[in-house]
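Enquirer: Sequence:
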Amino acid sequence: MKNFQIIRALSSNSAVSSIAKESSAAFIAGGTNLVDLMKKNVVAPDKLIDINGIDLKKIEFLTGKVTIGALAKNSQVAEDEVIKEKYPLLALALAAGASQQIRHMATVGGNMLQRTRCSYFYNTDMPCNKRVPKSGCGAIGGSNRMHAIFGASDSCIAVHPSDMCIALAALDAKVFVEGPKGKREIKFTDFHRLPGNTPEKDNTLENKEIITSIEIPNNNFTKNIHYLKVRDRTSYAFALVSVAVGLDIKNNIISEARLAMGGVAHKPWRLLEAEQFLKGKTVSEATFKQAATLAMKGARSFGDNDFKLTLGPNSITEALTIAAAK
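The opening position of the sequence shown corresponds to residue 1 in full-length UniProt numbering, with each subsequent residue numbered one higher.
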């Protein structure tokens, strides 16, 4: 790790002003991903802007929605009693992510901005278009067991590692950001990007913008919900496949459904076609299998991850079954 300077910002305005003046600077909050990347020399900022002094840690329950500050800790959100009551899918997804120690350090904004855990991205001796544009993708034709089956490109087949973000995509969250051009909001499903020809760009943040909060509208997904995470080991492992499910069931009929997957794409993968299919359907194993088959349209594997073509629909069916039985 190279030497760097650190300064502390006490407001979002000062943080934006500070980073706008620097050609090589990064925001740091919990540092649970950034510090790892610096140790591996994957990134090497000259200056870190510590944003922990900014008042962005609140969870506010307002009319029709909840607003969560970008610096709220993952553990703070997951353990909040009202979050568990009104947005239990988010609490479940957060509890499935990382270790308890990391959840006590990691922030909501940092979780959203974490980089892929692709081994080629972390190994500076190997080609990686995400780390060094136009250098090639070692995972294509290489070891790709953890990699994408949706939305991949010839430039990158890495996956986004977050659990929290899968639930936020399913819950129609919004992201609020601030930058040199002012403030704006972004639909959560539009926040992360597919790789295309520019896999180095993980999201749609503009240069020098900072996340200030997220907002989740109220919903009826408080009972028939489930977050299924299939991984190699229960303790601190990233998802091979994960599924976030929210169902609104009345008299055994699904009036509304939300579905998103993790471990399968460069961004949280929302299953909109399967959601539409489930609306108005009677709860049954056959219905869930049909939805799972529909959700897998367009999936493509790359060798080591061929098993995801079977694991994916099985996981969707299982998650829907568990959610409906609650």
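Hints may contain errors.
Stated by the list, open to error - Beta-carbon label-pair distances, calculated as ranges:
{"hint": "1", "residue 1": "124", "residue 2": "251", "range": "54 to 62 Å"}
{"hint": "2", "residue 1": "50", "residue 2": "84", "range": "29 to 37 Å"}
{"hint": "3", "residue 1": "50", "residue 2": "143", "range": "42 to 50 Å"}
{"hint": "4", "residue 1": "20", "residue 2": "204", "range": "12 to 20 Å"}
{"hint": "5", "residue 1": "251", "residue 2": "286", "range": "15 to 23 Å"}
{"hint": "6", "residue 1": "325", "residue 2": "11", "range": "42 to 50 Å"}
{"hint": "7", "residue 1": "198", "residue 2": "289", "range": "22 to 30 Å"}
{"hint": "8", "residue 1": "184", "residue 2": "250", "range": "31 to 39 Å"}
{"hint": "9", "residue 1": "196", "residue 2": "251", "range": "41 to 49 Å"}
Claimed, not checked - Only pairs whose alpha carbons sit at most 16 Å apart, straight line, appear in this in silico EDC-like list of lysine to aspartate or glutamate:
{"hint": "10", "residue 1": "174", "residue 2": "154"}
{"hint": "11", "residue 1": "326", "residue 2": "248"}
{"hint": "12", "residue 1": "289", "residue 2": "318"}
{"hint": "13", "residue 1": "187", "residue 2": "215"}
{"hint": "14", "residue 1": "86", "residue 2": "46"}
{"hint": "15", "residue 1": "289", "residue 2": "273"}
{"hint": "16", "residue 1": "187", "residue 2": "172"}
{"hint": "17", "residue 1": "223", "residue 2": "81"}
{"hint": "18", "residue 1": "57", "residue 2": "79"}
{"hint": "19", "residue 1": "40", "residue 2": "60"}
{"hint": "20", "residue 1": "58", "residue 2": "36"}
{"hint": "21", "residue 1": "2", "residue 2": "36"}
{"hint": "22", "residue 1": "86", "residue 2": "215"}
{"hint": "23", "residue 1": "208", "residue 2": "172"}
{"hint": "24", "residue 1": "208", "residue 2": "46"}
{"hint": "25", "residue 1": "86", "residue 2": "273"}
{"hint": "26", "residue 1": "326", "residue 2": "285"}
{"hint": "27", "residue 1": "183", "residue 2": "215"}
{"hint": "28", "residue 1": "223", "residue 2": "248"}
{"hint": "29", "residue 1": "201", "residue 2": "215"}
{"hint": "30", "residue 1": "183", "residue 2": "200"}
{"hint": "31", "residue 1": "279", "residue 2": "306"}
{"hint": "32", "residue 1": "65", "residue 2": "215"}
{"hint": "33", "residue 1": "223", "residue 2": "85"}
{"hint": "34", "residue 1": "134", "residue 2": "172"}
What the hints contain is simulated information worked out from the structure, not anything from laboratory work.
Glycine included, C-beta positions come from ideal geometry on N, C-alpha and C.
Enquirer: Each hint needs a verdict: does it hold in this structure or not?
Expert: Outcome of the hint check:
Between residue 124 and residue 251 the beta carbons are some 58 Å apart, a value that agrees with the proposed interval 54 to 62 Å. Distance hint for residue 50 and residue 84: a CB-CB separation of about 30 Å, consistent with the stated range 29 to 37 Å. Hint check: residue 50 to residue 143, Cβ distance near 36 Å, so the stated range 42 to 50 Å is violated. Under the hint 12 to 20 Å, the C-beta atoms of residue 20 and residue 204, about 18 Å apart, fit the expected range.
For residue 251 and residue 286, the hinted distance range of 15 to 23 Å is satisfied, since their beta carbons lie about 18 Å from each other. Restraint check, residue 325 to residue 11: a C-beta distance of roughly 48 Å satisfies the suggested window 42 to 50 Å. At about 37 Å, the beta-carbon gap between residue 198 and residue 289 misses the expected band of 22 to 30 Å. Look at residue 184 against residue 250: about 37 Å separates their beta carbons, and that is inside 31 to 39 Å.
Remark: the range hint 41 to 49 Å for residue 196 to residue 251 is upheld by a beta-carbon distance near 44 Å. As the CA atoms of residue 174 and residue 154 are separated by approximately 30 Å, the hinted pair breaks the 16 Å bound. Restraint check for residue 326 and residue 248: satisfied, since their Cα atoms lie roughly 11 Å apart, inside the 16 Å limit. At most 16 Å may separate the alpha-carbon atoms for a hinted pair to count; residue 289 and residue 318 meet this at roughly 9 Å.
For the given pair, residue 187 sits about 10 Å from residue 215 by alpha-carbon distance, which is consistent with the 16 Å threshold. With a CA separation close to 42 Å, the supplied pair residue 86 and residue 46 exceeds the 16 Å bound. Between the alpha carbons of residue 289 and residue 273 the distance comes to roughly 14 Å, so the proposed pair stays at or under 16 Å and holds. Pair hint residue 187 plus residue 172 holds up; C-alpha atoms about 7 Å apart against a cutoff of 16 Å.
Distance hint between residue 223 and residue 81 is fulfilled; the C-alpha atoms sit about 15 Å from each other, no more than 16 Å. In summary, the hint linking residue 57 to residue 79 is supported, as the alpha carbons are separated by about 14 Å, within the 16 Å threshold. About 37 Å separates the Cα atoms of residue 40 and residue 60, which puts this hinted pair outside 16 Å; it is violated. For a cut-off of 16 Å, the pair hint linking residue 58 to residue 36 is broken: about 27 Å separates their Cα positions.
A C-alpha spacing of about 13 Å is found between residue 2 and residue 36, which places the hinted pair at or below 16 Å, so the restraint holds. Restraint check for residue 86 and residue 215: the C-alpha separation of about 13 Å stays at or below 16 Å, so the hint holds. For the proposed pair residue 208 and residue 172, the alpha carbon gap of about 25 Å is over 16 Å, so the pair is violated. A C-alpha spacing of about 15 Å is found between residue 208 and residue 46, which places the hinted pair at or below 16 Å, so the restraint holds.
With a C-alpha separation of about 25 Å, the suggested pair residue 86 and residue 273 falls outside the 16 Å cut-off, and the hint is violated. Proximity of residue 326 to residue 285 is assessed by CA-CA distance (about 15 Å); at most 16 Å being required, the pair is judged to hold. Distance check on the hinted pair: residue 183 and residue 215 sit about 15 Å apart at the alpha-carbon level, within 16 Å; holds. For the hint pairing residue 223 with residue 248, the CA-to-CA distance comes to about 8 Å; that is within 16 Å, so the pair holds.
Restraint check: the Cα-Cα separation between residue 201 and residue 215 comes to about 23 Å, which exceeds 16 Å; the hinted pair is violated. For the hint linking residue 183 to residue 200, the alpha-carbon distance of about 24 Å lies beyond 16 Å, and the restraint is violated. Note on residue 279 and residue 306: the hinted pairing is violated, with a Cα-Cα distance of about 30 Å set against a maximum of 16 Å. At roughly 7 Å between alpha-carbon atoms, residue 65 and residue 215 fall within 16 Å of each other, so this suggested pair holds.
At roughly 9 Å between alpha-carbon atoms, residue 223 and residue 85 fall within 16 Å of each other, so this suggested pair holds. With a CA separation close to 34 Å, the supplied pair residue 134 and residue 172 exceeds the 16 Å bound.
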